[in-house]
Amino acid sequence: MKKIALLFILISIVVSAFQMKETYLLPIPEKWPKPQYNFNKNPLTFEKIELGKALFYDPILSRDNSISCASCHSQYTAFTHVDHTLSHGIDDKIGNRNSPALMNLAWHKTFMWDGAVNHLDVQSLFPITHPAEMDEKIEQVVQKLQGSSIYQKLFLKAYNDSSITGEKILKSISQFMLTLISSNSKYDSVMRNESSFNELEKKGYTLFKKQCASCHTEPLFTNLAFENNGLAIDTTLNDYGRIKITKRQEDSLKFKVPTLRNIEFSYPYMHDGRFKKIAEVLNHYTSGVQHHPTTSNLVKKIILSSNEKVELTAFLLTLTDKHFLFDKKHSYPKYIFKNNAKE
Amino acid sequence: MKHVVLFYILSSCFFIPSLNAQQKEQLHIKIEPTFDKKKLQIQHFYPLKNGDSIQIETLKFYISNIELLNDNKSVFTLNNSYHLIDISESKSLDLLIPIEQKLTFKQIKFNLGIDSITNESGAMGGDLDPTKGMYWAWQSGYINFKIEGTVKTENKQIPFEYHLGGYLAPFNSIQTILVNVKQESEIHINLNLAHLLNEIDVKTKDKILSPSKDAVRMLEKAVAIFIAP
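Line by line, the protein sequences are chains G and F.
Count the first sequence with my numbering and you get residues 0 to 342, in order.
Count the second sequence with my numbering and you get residues 1127 to 1355, in order.
Hint data in this document are derived by calculation from the structure and do not stem from the laboratory.
Be careful, since some hints might not be right.
Claimed, not checked - Stretch by stretch, here's where chain F covers chain G in the computed footprint (C-beta under 8 Å, at least three residues):
#1 44 to 56
#2 164 to 174
#3 211 to 225
Stated by the list, open to error - Heads up, simulated DSS-like pairs for lysine-lysine below, C-alpha to C-alpha not over 30 Å straight-line:
#4 F:Lys1235 to F:Lys1165
#5 F:Lys1329 to G:Lys92
#6 F:Lys1329 to G:Lys243
#7 F:Lys1331 to G:Lys136
#8 G:Lys308 to G:Lys156
#9 F:Lys1258 to G:Lys243
#10 G:Lys40 to F:Lys1235
Note that beta-carbon positions come from the ideal geometry of N, C-alpha and C, so glycine has one too.
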């Protein structure tokens, strides 16, 4: 009788271990604010992150299977599209905006340059369905994935159920994106007292705190707000930013403040990618700011000598996080696709 | 004894949903789309008061947070319930609501559309899954009410598309509906589209596809289509 009871306990353990997926504990950097994302509603697991990574790197999400998320969000450039002012998508169509760098997304409440998207889970719908990006229907994505043995396996592993829904697709992509945390730059190691700034960087940091940090607030290097930084209006694009969403006059020409983390690799800059070099950005703030009714008072006050620009640039380069840019954990998952390449 | 243990092992391996000891009550709500007295059919033309005629190709909308009232007092509330009604899918016109016990009620109250908290809660499944064609990708938010079709005038056909939604002020478009009902084995709610379609003018506006004053106005008018049979 005792043996049977023991057997029962063993079987229960094996069964429950099979059904319960191991929770992935996202490493939240010390002293950072509390993430915005509600992890209780979409608890991270290794299997779901893996599925999300496969979806992120797979052009199956686009109408003609040519464009993946990674096409415009490449890891080596902090998950943005370098060398293109405006990002190009399907059929070489050009969009209206510069693709944003993806990192530390768990701390964001709104997405896109104008905050059109209100939750990370629904963010991917935008590029998937946009006619100049992936131009696909989410219903169609579900169908294509249902026909793929790779994804049947991945969904089964992640959800104990191979049925595929829009909700599961979107939440899995969120899971992968939530793991994209950049917190290992030189700046971070200085803050942790593991290394120190050189003279130039130190001076640059002082300047930064005085002139830039109100909007590019540490540790995320964005206050996550919408601001008008005084860019001249591009009369071809006629993009007035946040007002399109809120319809409020006071939001005219406001765009979401981007993070400065990994700025060295995430060029070009601004919502329309008009500046290719950090130097051009700094020159804009010292001599190019246009005074519109909604221009932030803070950007009207920026004064930097040419020496100070050099110092500030030295500091900005300490925000480069090579661990993040080359972390294999976030890279193209060759091992998922290689055995099924000819499918 | 051995059999009992074996049964225990087996049942722990194969999850068996617990069976309810007593049969719960179920409320059956039946939604009946009409055009005045006629049963509404897709792609059939119906006469409008102004002499034109109209046909509907798509009619989909959300009903949420159903509440039962007796003499203006709430006797039952079903929170977090979202039902997508699609007149091309007859199944969606029958709502089965589990209730705890037999209730006496005279009115039924519900939201036409999706509340703002749900609109900001990310991706959801079931009737709220983004594959249902009722979610805006380019600006987060649900379409509360979608109606598409064609108006035939004397000399031309005018296709129209109204995707009505928006949860942010000043264009919060969700509406509250209150209908007097007869308490029978099936609760009937009539959906008389004539009350909306005679009030809109496709000649001045044939498309509403984003949150706006026009979307809110039209949803306010749509309240009138829900009536006691």
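Of all the hints numbered above, which does this structure not satisfy? Sort the numbers upward. As far as the earlier hints go, 1, 3, 5 and 8 are violated by this structure, in ascending order.
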